[in-house]
Amino acid sequence: MQALEQLERLLDAQRDGLSRLLDLCMRERECLLTAGIAELDTVTREQAELLARQAWLSTQTFTALEDLACSLEMPAHSALSDLLPRLDAEAGSRLQRRARLLTELADTVQREGRVNWHLAQQALRYVDFTLKVIGQAKDGPHPYAPASPSAHRNGARLLMNSCA
Numbered sequence: 042m043q044a045l046e047q048l049e050r051l052l053d054a055q056r057d058g059l060s061r062l063l064d065l066c067m068r069e070r071e072c073l074l075t076a077g078i079a080e081l082d083t084v085t086r087e088q089a090e091l092l093a094r095q096a097w098l099s100t101q102t103f104t105a106l107e108d109l110a111c112s113l114e115m116p117a118h119s120a121l122s123d124l125l126p127r128l129d130a131e132a133g134s135r136l137q138r139r140a141r142l143l144t145e146l147a148d149t150v151q152r153e154g155r156v157n158w159h160l161a162q163q164a165l166r167y168v169d170f171t172l173k174v175i176g177q178a179k180d181g182p183h184p185y186a187p188a189s190p191s192a193h194r195n196g197a198r199l200l201m202n203s204c205a
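Numbering-wise (the working numbering), the sequence shown opens with residue 42 and increments by one.
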């Protein structure tokens, strides 16, 4: 069956892409922990390209799944679980194994992505805190505190002296 072979190839390609994405998540985490900003930019760009490819592969996979359903004389929008009983045992088990592995890998990538998101949020908070500390060291302990009333009197006195 040509549709089945195509579906298996696409599932394998998605698995390879998700494995690569997981590797990039690990590199991203390393960059976040070591402040490797230049490499983080490269990793993020690679992730974006890989995600675009994964989206294209997903579309192709759904098309191949529809083709397989039609070749088995089932409705085009049938779920994989509905198609498996119609396949021979070996092909069904291969396809089910690939789909399960793909699901597990997608869950792992999602979990690692969440961890990296939290690390990035912590890094942003640290940068914000550092900027506030630098601002306090430069401008005094409370750069945004309202001026004291004596400052207004001194300013008014200075203005009157310069006008006189």
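Because the hints were derived from the structure by calculation, they are not lab data.
Some hints could be false.
To be verified - The following label-pair restraints were derived from C-beta to C-beta distances:
hint	residue 1	residue 2	range
1	L125	R155	16 to 22 Å
2	K173	L125	54 to 60 Å
3	D123	S99	36 to 42 Å
4	C111	D148	41 to 47 Å
5	Q163	R127	18 to 24 Å
6	H118	A161	33 to 39 Å
7	R152	E90	40 to 46 Å
8	G133	S60	22 to 28 Å
Values in this document were obtained by computation on a predicted structure and should not be read as measured data.
Just so it is clear, CB atoms sit at the ideal spot from N, CA and C, and this is done for glycine as well.
Consistency of the hints with the structure:
1. L125 with R155: 16 to 22 Å: At roughly 31 Å between Cβ atoms, R155 and L125 fall outside 16 to 22 Å, so the hint is violated.
2. K173 with L125: 54 to 60 Å: Roughly 58 Å apart at Cβ, these two residues keep to the hinted range, so it holds.
3. D123 with S99: 36 to 42 Å: Violated, at about 19 Å.
4. C111 with D148: 41 to 47 Å: violated, 30 Å
5. Q163 with R127: 18 to 24 Å: violated, 50 Å
6. H118 with A161: 33 to 39 Å: The hint (33 to 39 Å, Cβ to Cβ) holds, given that H118 and A161 are roughly 38 Å apart.
7. R152 with E90: 40 to 46 Å: violated, 22 Å
8. G133 with S60: 22 to 28 Å: holds, 24 Å
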